[in-house]
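Colleague: Please build the complex by placing chain F on the supplied structure of chain D, with the hints as guidance.
Each chain, written out:
There are 2 protein chains.
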Amino acid sequence: MMKARVYVTIKQSVLDPQGVAVQGAMHSMGFKEVESVRIGKYMEIELDSSDRFEAEARVKAMCEKLLANTVVEDYRFELED
Amino acid sequence: MMKARVYVTIKQSVLDPQGVAVQGAMHSMGFKEVESVRIGKYMEIELDSSDRFEAEARVKAMCEKLLANTVVEDYRFELED
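Sequence order for the protein chains is D and F. Heads up: the first sequence begins at 0 in numbering that gives the first Met the number 0, then just goes up one per residue. Heads up: the second sequence begins at 0 in numbering that gives the first Met the number 0, then just goes up one per residue.
Just chain D, same shape as in the assembly (with noise of 0.2 Å):
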């Protein structure tokens, strides 16, 4: 058994309407101090899979065929025994 972390992130040079709204809120607050925020999608995945370098092709491929929208988004995983 293997676990993935996945990180999903909007790309640098979109516009994340989310991470605006929730950096006015803050403002709102009084967390001033709160220059700019960028919200992602983290994912835990467990796989049923003992070969290392077969899960990481196989995680990329789920990556790029359903968990990021590769056109606006950027990722990242992380695999542990």
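Because the hints were derived from the structure by calculation, they are not lab data. Note that this is a predicted model, so its numbers are computed, not measured. It is possible that part of the hints are untrue.
Identical chains share a label here; the pair holds if one copy fits it or two copies do between them.
What the hints assert, rightly or not - Only pairs whose alpha carbons sit at most 30 Å apart, straight line, appear in this in silico DSBU-like list of lysine-lysine:
id : residue 1 : residue 2
1  : Lys31     : Lys59
2  : Lys31     : Lys2
3  : Lys2      : Lys40
4  : Lys64     : Lys40
5  : Lys31     : Lys64
6  : Lys59     : Lys2
7  : Lys40     : Lys59
Modeller: For chain F alone, coordinates are given in the frame of chain D:
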């Protein structure tokens, strides 16, 4: 300037319907090795702050008050200069 990386995850005891849906989609796409998927949020927050100790307390307050619903979600964060 400091950067906080905040991870908000649904508590283990709480059902994650979005994760279940993604798991189903993965199986349909042939990723049969996927045993479970849990989906959370990942946030990058830039802070105009120089006191690490104070920044830590402030980010904790942001999580408690706005970023996480602590009834059903857990959070953790890292600070970097």
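Colleague: What label fits lysine 31 with lysine 64 when the C-alpha limit is 30 Å: within, between, both, or neither?
Modeller: The answer is between: 15 Å across copies meets 30 Å, while 39 Å in one copy does not.
Colleague: When no copy is named, should lysine 2 and lysine 40 be tagged within, between, both, or neither for a Cα gap of at most 30 Å?
Modeller: both (16 Å within a copy, 17 Å between copies)
Colleague: Is it within a copy, between copies, both, or neither that the alpha carbon of lysine 31 lies no farther than 30 Å from that of lysine 59?
Modeller: Between. Shortest inter-copy distance 15 Å satisfies the 30 Å Cα cut-off; intra-copy 38 Å does not.
Colleague: Evaluate lysine 59 and lysine 2 at a C-alpha cut-off of 30 Å and name the case that applies: within, between, both or neither.
Modeller: Both: 13 Å inside a chain and 27 Å across chains, each within 30 Å.
Colleague: 30 Å Cα cut-off: does lysine 64 pair with lysine 40 within a copy, between copies, both or neither?
Modeller: both (16 Å within a copy, 20 Å between copies)
Colleague: Given identical chains, is lysine 31 near lysine 2, meaning Cα to Cα at most 30 Å, within a copy, between copies, both, or neither?
Modeller: between (37 Å within a copy, 15 Å between copies)
Colleague: When no copy is named, should lysine 40 and lysine 59 be tagged within, between, both, or neither for a Cα gap of at most 30 Å?
Modeller: both (16 Å within a copy, 20 Å between copies)
Every hint from the earlier list agrees with this structure, and none is contradicted.
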